[in-house]
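Asker: Protein chains in written order, with UniProt numbering: chain F, 1 to 329; chain L, 1 to 329; chain U, 1 to 329; chain D, 1 to 329.
Quick caveat, the hints were computed from the structure, so don't treat them as lab data.
The structure presented is a predicted model; accordingly, all values stated were derived computationally and were not measured.
A portion of the hints provided could be inaccurate.
Copies of the same chain look alike in the list, so a pair counts if it fits in one copy or across any two.
No farther apart than 20 angstroms at their CA atoms in a straight line, the calculated lysine to any residue pairs in the SDA-like style are these [unchecked claim]: (1) K318 - N230; (2) K129 - K202; (3) K321 - A212; (4) K202 - G293; (5) K243 - L215; (6) K243 - H281; (7) K202 - P297; (8) K232 - T7; (9) K2 - Y264; (10) K129 - G204; (11) K98 - E219; (12) K232 - T260; (13) K129 - K180; (14) K243 - V154; (15) K243 - E284; (16) K98 - R156; (17) K243 - R265; (18) K180 - D19; (19) K2 - P53; (20) K180 - N268.
4 protein chains.
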Amino acid sequence: MKAAVITGVGSVEVTTVDDPACGPREVIVDVAACGLCGTDLHILQGEFAPTLPVVPGHEFAGTVVEIGSQVNEVRVGDRVAVDPSLYCHECRMCRSGKSNLCERWAAIGVTTSGGAAEFAVAPVANCVKLPDHVRTEDAALIEPLSCAVRGYDVLRTQMASRVLIYGSGTMGLMMLQLGKLTGASSIEVVDLNAERLETAVKLGVSAVAGSADELDRPEGWDVVIDATGNEKAIQDGLGRVAKGGTFLQFGVSDYSARVTIEPYRIYNQEITITGSMAVLHSFERAADLFATGVLDPEIFISDRVPLTDYAGALDQFKAGKGRKIQVLP
Amino acid sequence: MKAAVITGVGSVEVTTVDDPACGPREVIVDVAACGLCGTDLHILQGEFAPTLPVVPGHEFAGTVVEIGSQVNEVRVGDRVAVDPSLYCHECRMCRSGKSNLCERWAAIGVTTSGGAAEFAVAPVANCVKLPDHVRTEDAALIEPLSCAVRGYDVLRTQMASRVLIYGSGTMGLMMLQLGKLTGASSIEVVDLNAERLETAVKLGVSAVAGSADELDRPEGWDVVIDATGNEKAIQDGLGRVAKGGTFLQFGVSDYSARVTIEPYRIYNQEITITGSMAVLHSFERAADLFATGVLDPEIFISDRVPLTDYAGALDQFKAGKGRKIQVLP
Amino acid sequence: MKAAVITGVGSVEVTTVDDPACGPREVIVDVAACGLCGTDLHILQGEFAPTLPVVPGHEFAGTVVEIGSQVNEVRVGDRVAVDPSLYCHECRMCRSGKSNLCERWAAIGVTTSGGAAEFAVAPVANCVKLPDHVRTEDAALIEPLSCAVRGYDVLRTQMASRVLIYGSGTMGLMMLQLGKLTGASSIEVVDLNAERLETAVKLGVSAVAGSADELDRPEGWDVVIDATGNEKAIQDGLGRVAKGGTFLQFGVSDYSARVTIEPYRIYNQEITITGSMAVLHSFERAADLFATGVLDPEIFISDRVPLTDYAGALDQFKAGKGRKIQVLP
Amino acid sequence: MKAAVITGVGSVEVTTVDDPACGPREVIVDVAACGLCGTDLHILQGEFAPTLPVVPGHEFAGTVVEIGSQVNEVRVGDRVAVDPSLYCHECRMCRSGKSNLCERWAAIGVTTSGGAAEFAVAPVANCVKLPDHVRTEDAALIEPLSCAVRGYDVLRTQMASRVLIYGSGTMGLMMLQLGKLTGASSIEVVDLNAERLETAVKLGVSAVAGSADELDRPEGWDVVIDATGNEKAIQDGLGRVAKGGTFLQFGVSDYSARVTIEPYRIYNQEITITGSMAVLHSFERAADLFATGVLDPEIFISDRVPLTDYAGALDQFKAGKGRKIQVLP
Ligand SMILES: NC(=O)c1ccc[n+]([C@@H]2O[C@H](COP(=O)([O-])OP(=O)(O)OC[C@H]3O[C@@H](n4cnc5c(N)ncnc54)[C@H](OP(=O)(O)O)[C@@H]3O)[C@@H](O)[C@H]2O)c1
Ligand SMILES: NC(=O)c1ccc[n+]([C@@H]2O[C@H](COP(=O)([O-])OP(=O)(O)OC[C@H]3O[C@@H](n4cnc5c(N)ncnc54)[C@H](OP(=O)(O)O)[C@@H]3O)[C@@H](O)[C@H]2O)c1
Ligand SMILES: NC(=O)c1ccc[n+]([C@@H]2O[C@H](COP(=O)([O-])OP(=O)(O)OC[C@H]3O[C@@H](n4cnc5c(N)ncnc54)[C@H](OP(=O)(O)O)[C@@H]3O)[C@@H](O)[C@H]2O)c1
Ligand SMILES: NC(=O)c1ccc[n+]([C@@H]2O[C@H](COP(=O)([O-])OP(=O)(O)OC[C@H]3O[C@@H](n4cnc5c(N)ncnc54)[C@H](OP(=O)(O)O)[C@@H]3O)[C@@H](O)[C@H]2O)c1
Ligand SMILES: [Zn+2]
Ligand SMILES: [Zn+2]
Ligand SMILES: [Zn+2]
Ligand SMILES: [Zn+2]
């Protein structure tokens with residue numbers, strides 16, 4: 001089959017590889033669409049994936065074309081979204097219910113062949129069937145949405161929170177949509193890129209700004225979310241948390257990023273700083289929410305390109321142009 | 001001034017009473033509208049209010065016409081919604097943060113003169129200023145909304161919950177709106193009164209039914225809310241909770257109501273049954289949500305009648321006709 | 001090997017069965033001791049276990065005598081306690097983090113051969129190594145303790161709670177010990193069996209009684225725990241919960257048990273009723289606590305009998321004599 | 001009466017001041033003992049107290065010698081511990097249930113005359129009666145204990161947590177005692193001051209060290225608590241939090257203290273950093289726990305000096321000698 005392959009640090013090509021084989025509790029998915037995200041760039045830089053070459057792609061959906069000998073939950077022809085998480089179920093973290101922090105962390109498209117290919121293999125338990133009204137290729141948005149759901153699970157915001165989000169990329173916009181869905185009384189979005197803020201406006205944000213200084217909230221925000229991974233944004237955001245409020249580190253920073261906090265303020269204002277990592281008990285729920293229309297695919301997916309353009313798509317993503325970019329095998 | 005007065009068990013009249021006097025940290029509100037609710041009926045039946053006569057009305061909003069000598073938070077002319085809760089701040093429950101369970105429970109319109117009158121007095125701390133775009137009389141909906149917010153605070157639902165609500169009266173419909181606002185993936189409403197279900201449909205419910213048997217959810221619902229107070233509804237609802245799910249007793253039953261539960265199921269399926277009582281840390285938040293348009297007053301307020309019709313309004317409410325009925329002094 | 005076998009409804013014998021075989025990620029444990037509990041009685045009555053015959057015993061510890069081809073976490077000679085839970089990791093409940101409510105619920109000693117035998121097989125991930133100072137046979141107490149830990153995880157009590165426990169059997173006494181360990185300011189225990197209350201006294205209970213009426217707590221208790229499964233105890237306990245308090249259904253009632261609740265009180269006093277089922281993310285933690293000495297085995301284990309007396313041990317347990325009864329193969 | 005007075009920045013004296021007057025809902029307490037803490041030093045440095053002179057002392061207990069005209073909860077002769085918190089009950093934070101973050105923050109001994117005097121006045125709601133077996137002067141420990149309880153309320157630790165505490169002063173030792181009381185499976189304490197660690201050892205700590213490097217916990221600690229306020233300790237502690245773990249900022253740092261965090265780690269390991277400030281719904285509970293003997297006054301109180309030595313006592317505290325130092329009027 002045809003697949004994108006990250007062959008070594010910095011090199012990616014679309015080539016022919018062996019078709020995947022189907023284990024007894026696995027299925028083969030004919031990929032309809034596969035989204036790109038920061039993780040793919042990290043793999044290209046030689047991070048995250050334990051070995052190269054690897055077929056990337058952990059955000060995908062498609063049609064089941066083959067089922068393993070012990071599969072009866074889905075049938076050939078079913079359309080599914082795939083949770084890429086491969087938990088060991090055995091380590092200390094898995095056994096304590098925090099499988100997203102699994103000590104043998106693994107994921108389709110990172111440690112095993114992923115969805116940037118004509119076909120991908122997945123455990124049947126990772127497949128969520130799509131209702132009729134959801135288009136298969138759109139359902140590749142469920143995986144990033146399930147990360148955003150995890151973010152709000154960590155936050156457990158009360159209704160009527162005042163929310164500030166840094167970053168108006170795909171993830172910042174998803175955080176915006178989920179902010180509305182968890183009853184925020186206001187959501188403001190900060191991004192350096194004025195063009196990107198336009199989408200936030202289209203989605204009904206309370207206000208947008210190039211800097212939080214432009215926003216009139218002297219008491220700060222109950223919830224501040226970083227969806228940039230950028231050191232400056234994080235540093236700025238930490239200072240914007242209201243008394244008793246919470247900062248969520250959702251963006252993935254460089255390992256070397258460092259920010260400064262004030263212990264006196266953490267204590268005196270009971271500020272909480274916390275983080276959210278990937279998907280935990282949130283994939284099926286993201287699929288359910290996606291089916292209710294919480295994300296408009298026409299807004300969230302800016303580009304759908306052929307799989308053969310995988311390298312170009314990755315370049316565009318790196319350049320910060322558009323929102324979610326998908327490859328279609 | 002003119003006021004409705006519950007003079008004794010079963011008897012109510014609109015008459016002239018003394019104008020209220022304003023304490024140093026109080027304000028006098030020229031009432032724009034006052035909503036009726038089940039509590040008013042209870043008072044009429046000789047319950048809840050410790051002494052009669054009393055001017056009822058705990059759901060109201062209006063314009064500040066006088067401020068106490070030590071008030072500087074609001075000014076004459078400000079339009080406000082009023083939280084009727086009068087906590088003692090001293091009892092065991094208040095000191096443990098559960099002031100809605102205050103051992104000296106008191107409320108404007110129950111233990112002191114309320115809003116079914118031309119003027120009402122309120123502590124300034126109980127007044128929340130209305131933004132320009134909110135009409136004063138509509139803001140009388142904030143109080144019941146703040147009870148509904150408390151209900152969801154108790155529930156602390158996760159996003160993508162499947163919610164079933166019994167009752168399509170004002171409160172059931174508010175629970176529906178807040179279900180959407182807390183990210184439910186589906187919300188179904190059951191009511192015996194087909195006419196009332198029409199409003200739920202208008203508000204975008206997932207499905208309505210005269211009986212939960214008609215709904216196709218073999219696994220049950222993650223969250224079941226009683227907003228009827230009716231023994232039969234509660235009994236039925238308790239059996240509909242999914243594994244690991246929660247039942248919220250929001251409706252106010254008769255003291256004598258009794259329902260049956262199965263200890264084996266509570267244990268084996270880790271079912272939770274809990275309750276929500278009035279307003280706790282939720283009034284300002286309800287006001288914020290109301291300002292975002294979470295409730296459409298044209299849908300929620302079915303009747304606006306002159307204060308002089310107070311007795312008739314109460315009769316209509318008792319008969320279960322319409323939704324929120326307001327008197328306008 | 002020698003094993004107790006429940007061969008059919010009501011019939012149990014100690015006989016010779018095949019030695020267990022070890023899968024690649026499994027180990028064979030030479031059982032040091034295996035505790036009896038209500039579940040074993042249920043199996044004998046034809047409940048819980050999907051098929052008979054079965055070797056019972058889900059509370060056991062022993063020494064590893066063989067390891068599977070892919071095991072490197074434990075070695076032959078290691079002493080381990082075994083978590084009997086066998087989660088599918090695939091069903092709706094498992095994928096939502098509630099594996100104790102697994103839809104394909106399975107457990108060593110219930111759905112597969114258990115510890116009432118010379119040897120038992122277990123997945124390596126279910127084995128927790130014992131520190132030197134813990135005696136192997138005592139460690140069979142870790143499994144029931146891990147259920148009790150789950151109970152308190154569900155409760156998430158605040159420090160300084162007033163706790164009332166029904167039942168002074170093994171589980172009630174464990175709930176007592178964990179009540180102290182979660183900072184209860186007082187713990188009272190009710191049991192009909194005066195002899196059993198003596199052990200509670202020995203463990204430092206605040207007070208014991210044959211009926212909660214004898215205890216002077218007019219405001220009720222913040223936390224009431226049923227550890228009897230008895231309908232009368234549950235009914236009585238539900239009425240003892242203080243405002244804002246919680247009732248935990250820990251005891252396993254008959255399917256047919258029914259109790260009555262008052263919806264008005266659930267609402268007006270914000271009472272919570274909840275349940276706790278088996279082990280969830282609590283086995284390793286129970287092992288850690290056990291190693292700190294939270295349970296004195298000399299008090300908790302009343303009888304250690306040879307495996308050959310399995311039937312007699314079950315009879316004694318049924319008769320409610322003693323506390324934890326162990327068989328030693 | 002005789003009282004310690006902080007007359008200006010850096011100057012303190014024991015002198016004669018007017019006896020306190022008793023409002024209708026207040027009582028006059030004949031102070032038995034008053035503890036010193038970091039807050040008193042801050043006041044002396046010109047911080048915290050809005051105006052000087054002030055009589056310091058917010059940790060005290062004594063005997064009621066006069067009650068206000070509307071007091072019926074306590075009687076002359078009752079022995080009480082006093083919660084110094086004076087909440088406004090009106091501000092945004094108070095109305096949202098976070099009165100410890102009150103925007104008009106006030107406290108006996110900081111904004112009004114405190115307990116370093118023969119007599120002190122307190123609202124009756126702030127007085128908690130002592131049971132017979134608690135000595136009045138020992139009960140001055142309840143206030144710091146109630147801060148420590150708040151700390152654990154913020155943490156909401158699960159049982160069997162591994163806890164690391166920085167600081168073996170009064171507060172670190174209280175955190176140690178409460179760590180045991182919330183079911184920690186191990187508690188380790190780090191302090192630079194070897195002498196102070198001896199008390200931790202006496203209290204049954206799992207291990208002590210001059211540096212966390214000496215402790216063998218490669219996975220880190222589930223809970224790390226700073227009870228020093230020291231920048232270096234905080235920086236070190238932040239790096240010791242295990243995957244999914246929590247850091248509590250309990251120590252009060254200088255305003256100017258700054259520490260560095262790694263956003264990648266916060267995200268990838270879902271680390272939480274949070275803070276705890278003073279007393280929230282925890283005073284009565286601390287009193288209840290104190291009555292159970294959770295703190296041994298003979299260990300916790302190192303010095304009891306006459307009120308006339310107030311200045312010397314403050315110097316000794318500043319020098320870090322002893323543990324809790326009390327003045328006895
Ligand atoms: N926690 C998780 O589970 C999870 C899951 C998925 C993704 N993520 C992370 O979430 C982050 C966002 O993902 P994405 O796909 O939305 O990325 P993206 O498309 O790159 O969006 C990030 C946005 O942040 C803006 N930005 C950068 N620095 C900023 C600053 N100092 N102030 C304000 N805005 C700033 C960027 O503007 P420019 O275009 O001008 O640079 C860009 O518009 C990434 O770090 C990603 O790795 C986390
Ligand atoms: N917890 C709180 O803080 C709080 C605050 C406010 C109100 N409440 C309570 O919330 C409840 C609802 O208030 P509301 O103003 O919405 O009352 P409502 O207008 O009387 O609405 C209740 C609805 O429930 C329906 N109903 C009655 N029995 C039913 C059954 N067995 N099955 C299905 N539906 C049934 C009624 O139908 P019919 O018209 O045919 O009878 C009615 O449409 C009341 O009990 C009220 O006291 C609680
Ligand atoms: N939730 C879970 O995960 C879990 C785990 C393990 C066990 N359990 C359950 O926990 C319960 C307790 O287990 P156990 O091993 O401790 O059982 P046990 O030894 O039978 O102890 C139960 C005690 O309750 C007493 N009792 C019975 N009816 C009572 C009443 N009306 N009032 C007061 N006391 C009463 C019994 O007294 P008599 O001796 O006079 O009858 C007995 O002393 C059982 O139902 C068991 O199945 C639950
Ligand atoms: N959050 C709240 O509500 C609350 C309430 C009360 C108190 N507090 C705060 O809690 C903190 C502790 O109070 P305390 O009365 O116990 O103070 P303390 O008696 O001064 O104890 C602090 C201890 O920390 C040690 N220490 C200092 N730097 C250290 C480092 N780098 N590594 C390890 N240990 C170090 C000190 O050692 P040396 O003696 O050698 O300096 C001292 O033994 C203070 O900051 C206090 O203001 C907070
Ligand atoms: Zn794992
Ligand atoms: Zn009160
Ligand atoms: Zn399962
Ligand atoms: Zn305040």
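Asker: Are the hints correct? Go through all of them and say.
Answerer: Here is what the structure says about each hint:
| no. | hint | result |
| --- | --- | --- |
| 1 | K318 - N230 | within (14 angstroms within a copy, 42 angstroms between copies) |
| 2 | K129 - K202 | neither (30 angstroms within a copy, 29 angstroms between copies) |
| 3 | K321 - A212 | neither (23 angstroms within a copy, 46 angstroms between copies) |
| 4 | K202 - G293 | both (16 angstroms within a copy, 18 angstroms between copies) |
| 5 | K243 - L215 | within (17 angstroms within a copy, 35 angstroms between copies) |
| 6 | K243 - H281 | between (30 angstroms within a copy, 16 angstroms between copies) |
| 7 | K202 - P297 | within (13 angstroms within a copy, 26 angstroms between copies) |
| 8 | K232 - T7 | neither (33 angstroms within a copy, 45 angstroms between copies) |
| 9 | K2 - Y264 | neither (57 angstroms within a copy, 34 angstroms between copies) |
| 10 | K129 - G204 | neither (30 angstroms within a copy, 24 angstroms between copies) |
| 11 | K98 - E219 | between (34 angstroms within a copy, 15 angstroms between copies) |
| 12 | K232 - T260 | both (11 angstroms within a copy, 14 angstroms between copies) |
| 13 | K129 - K180 | neither (26 angstroms within a copy, 23 angstroms between copies) |
| 14 | K243 - V154 | both (19 angstroms within a copy, 14 angstroms between copies) |
| 15 | K243 - E284 | between (34 angstroms within a copy, 16 angstroms between copies) |
| 16 | K98 - R156 | both (16 angstroms within a copy, 17 angstroms between copies) |
| 17 | K243 - R265 | within (9 angstroms within a copy, 24 angstroms between copies) |
| 18 | K180 - D19 | neither (42 angstroms within a copy, 44 angstroms between copies) |
| 19 | K2 - P53 | within (15 angstroms within a copy, 53 angstroms between copies) |
| 20 | K180 - N268 | neither (30 angstroms within a copy, 25 angstroms between copies) |
Hint violations for this structure: numbers 2, 3, 8, 9, 10, 13, 18 and 20, all remaining hints satisfied.
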